[in-house]
Amino acid sequence: MFSNFKERFISAIAPDVPMLPNIERDHSHHHRGGGIRFGSQQLTDKFPYARPPFLQLMTPDELRASADHNVRPIIVPRDINLLPWGTGYAECVNSGKSEWNEDQGAFCRQVLSDPEQKHPDLPYTYFGIFDGHAGYGAALAASHQFHHILHEKLVDCLDLLLPRDTNESGPGGAGENGKLNPTFPHPIYFQRRVSKDELIIGALESAFFHMDSLIAQDRDRYRDAGGCTACVSLFIDGKMYVANAGDSRAVLCRRSALPVQEKDDPNDSSIAVDPLDACSYPVPFSSDHTPETERERLLNVARLKPSLLSSYYVAMEYAKRPHIKDMGQRILCRQGSMKGWTYKTLTREDLRMPVVNGEGKRSRLLGTLGVTRGFGDHDLLAINTGIKIKPFLTPQPDVQQRDLTQVVSIPDEHNEDGDYGVLVMATDGLWDVSENKAVARTVFHTLSKYPTEKHRYTMVAQELVARARGKINESGHWRLADSKAAATVDDISVIVIPVSQYYKDYVEWTKTCSKDLEQRRQQKRSAAAASTAEAQEAVNVLNGVLAEEAHVVEEEHEEVVVLETKGHQQQHHHHHLQNEDDEEDETLVVEVQTRLDQVELNEVEEDEAEAELEDGGEEKPVTEQQQNKAKEQEEKKDTPTSKRQKARKGKA
Amino acid sequence: MSYAYLFKYIIIGDTGVGKSCLLLQFTDKRFQPVHDLTIGVEFGARMITIDGKQIKLQIWDTAGQEAFRSITRSYYRGAAGALLVYDITRRETFNHLTTWLEDARQHSNSNMVIMLIGNKSDLDSRREVKKEEGEAFAREHGLVFMETSARTAANVEEAFINTAKEIYEKIQEGVFDINNEANGIKIGQQHSPTNPSLPGSGGAAGAANSGCC
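Line by line, the protein sequences give chains A and B. When you line the first sequence up against UniProt numbering, it's residues 1 to 652, in that order. When you line the second sequence up against UniProt numbering, it's residues 1 to 213, in that order.
If you are wondering where the hints come from, they were derived from the structure by calculation, not from laboratory data. C-beta: ideal position from N, C-alpha, C; glycine also. Mixed in with the good hints, there may be bad ones.
One-sided and incomplete, this derived list gives chain A residues near chain B with beta-carbon spacing under 8 angstroms [to be verified]:
hint : residue
1    : Thr59
2    : Ala65
3    : Ile75
4    : Asp197
Computed far set for chain A versus chain B, every beta-carbon distance over 12 angstroms [unchecked claim]:
hint : residue
5    : Asp61
6    : Asn70
7    : Arg78
8    : Arg295
9    : Arg334
10   : Gln335
11   : Lys449
12   : Ala461
13   : Ile472
14   : Val489
15   : Arg521
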């Protein structure tokens, strides 16, 4: 049980990072599946082209019509009840740059439940948006598979995530003020405390890597999937997490409470400044990963492994474009993760193509790719040079979190959407032509137009897409409505999530959850009463564990005293040790708690034992009696902890 | 299924006149008494035969509510036919026809065939708009007219097929530029066994031919 627990723990924190694609591919795999045997270019799709299931575009005719490049229809869910909380979604195909819409959206509601039914269930909801390039395969695969992977990762650390009794007496289980301690104790060999937050973030991160490796595995069996960005939000346990890899974006649109309207003066409302505009503001929940924003990381990869560039590129950034006529002169440059600039003498190598060229939206990695994180692209080669691009890419997401239980929202102000925010997740089709601030304005402007309608968030999504798509003019170019500027010609997909609606769900859930916990508590009490004898035995065992730890702490202190007598030159060491010692004390207390908690977790009937321990004072577990007992036991067996302590002493 | 031509239709008219029900009756031959409000646009398709030729109708069913009007306008472009629908039991839906027609004429290509439809003919007892009024409006604006019932299916087939016949005649007369897809007409591959342009449906052929059409 213990080692199993530890293993799960490790896999949650340190996911297996997939190997980079093997350049020498095994061609014998080519003929698996598919049924077509004429080489890789004739492999079939893993998933046939489709739009998100909640759009209910079932037939090839509907798919065909939805991908009309001349009209670019804005597609919204036929049945808005398919998405939770009235969440809005809208999408629109590109103007002809690729045959199909290469964006995908996905969502999933799931419940984490303990197979042994020891803890109440924990529901969660996930939304994902994937912007494909060089084909629709990767985005389609992600929309089909990512949530399954994420679920697996969350189940991996199930026992740490599930709600537990906050009133339960016992160390570690409850923190001060009877509030659930967000920090979890760790198995013996671990030195780090790990929070629920970190577990969920870890689940998201490892799911990203796993998804990428799945696409890598499939590339010999199915048609080349291309690549895609991934922007994912997860609503769990009263919190919102956003994980992003690539240049899709999540922005939380918020609004401060509207100033109270003066009813006496009706003419006041004609003032030019729209209060909605003045009060709404965007809070970015992701950052874009483009060659420009990731220049540092990319140059670092190139610097650490120059062979990746062959002799075609140079992993250097120049203040001024190097020119052949400047050969032998000094030029300002930087490389790797340098923040500042330095001089170097210009050589012929500096005239190679830079790893990152172009600026802003036009920046390109190896002159080819405009996005530097996401899934897929395992076989993508740089234009002209044929250099592999994948080593420069990573599925590693940035994850941001928001604790919704900390949001202050005054019911009288009726500003839940403003206080909790409306999360807009969209592909770059939207963001290329819309400022975050304008999006926030559109969100609240549209919501005010549809104050009670069930489909109001769908209207927001539709409005955002409509604005970004614009209108086609006489000469067949797409233009923004309010200016003559070019509208986006890319696929556009937008998810609009009313976060306050999730929070309502969450509050309901906490009520049923605490009822459930109360029931369990009662059951436990009666069970505990029935097994007093067993509990007494457990007390003895626990005392033994405590005593060992106490002894180790004591020993360390003695060591310090000895050092102190060794005169001047040891002073420094002594201070060093003293500090370390203090830290160590803390760690040990934590470890003692860990064990107690493990016992508590695993053997419910030991309730009474814990109660007794509490009486003895868990804060100061070192008692005379225990020390003596511990000294006896120390001779008999080496605990892992004491071994480590000894090693430390040896160093000193 | 292969086709000689594909015609694109758009169904327009006030909210609640039965646009989605007409489409459902035509494509699925069924009636749904309670239909959710259409948000945005929905698609339907059916194959018909005119003059011995297989013709595919691709039908865009739009939202009737005022709030969707500006988005609906962008869908006129690229439609070869339009069904302009009102409800014979609600006078105001008839009164709004002028606005709809202006919208349609302004944003569509000039050759678009418009069929005026007075729907819910089965509810004769609650009729507010006489058949003659519909006929007069159609005559005045050069539209084809027909009263239909999505519930009983009366005249539904005819409404869609007659519109197609008119488009077909216009093609024969050379009025339509059939090479410009923005006119809502596409020439199909009558002799090809599958529709190769849709990956998945065409299997391996889809992979080889994607990008065509």
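Hint check:
1. Interface hint status for A:Thr59: upheld, as the beta-carbon distance to the closest one in chain B is roughly 7 angstroms, under 8 angstroms.
2. Because the closest C-beta pair between A:Ala65 and chain B is about 4 angstroms apart, less than 8 angstroms, the hint holds.
3. Hint status for A:Ile75 relative to chain B: holds, with the closest Cβ pair at about 6 angstroms, below 8 angstroms.
4. Nearest Cβ of chain B to the Cβ of A:Asp197: about 37 angstroms, over the 8 angstroms cut. The hint is violated.
5. Not every CB of chain B lies more than 12 angstroms from the CB of A:Asp61, the least distance being 3 angstroms, so the non-interface label is violated.
6. At roughly 5 angstroms, the least C-beta separation between A:Asn70 and chain B is not larger than 12 angstroms, which violates its mark as non-interface.
7. Under the 12 angstroms C-beta cut-off, the non-interface status given to A:Arg78 relative to chain B is violated; the minimum distance is some 6 angstroms.
8. For A:Arg295, the condition that its CB be more than 12 angstroms from all CB atoms of chain B holds, with the nearest at approximately 34 angstroms.
9. For A:Arg334, the shortest C-beta to C-beta distance to chain B comes to about 43 angstroms, beyond the 12 angstroms cut-off, and the non-interface label holds.
10. With a closest Cβ-Cβ approach of about 41 angstroms to chain B, A:Gln335 is found to remain outside the 12 angstroms limit, as its non-interface label requires.
11. Consistency note on A:Lys449: stated as away from chain B, yet its beta-carbon is not over 12 angstroms from all of that chain's, at 8 angstroms minimum.
12. Consistency note on A:Ala461: stated as away from chain B, yet its beta-carbon is not over 12 angstroms from all of that chain's, at 10 angstroms minimum.
13. Not every C-beta of chain B lies more than 12 angstroms from that of A:Ile472, the closest at about 7 angstroms, which undercuts listing it as non-interface.
14. Annotated as non-interface, A:Val489 keeps its C-beta farther than 12 angstroms from every C-beta of chain B; the closest such distance is 15 angstroms.
15. No Cβ of chain B comes within 12 angstroms of the Cβ of A:Arg521; the nearest lies about 45 angstroms off, and the non-interface call holds.
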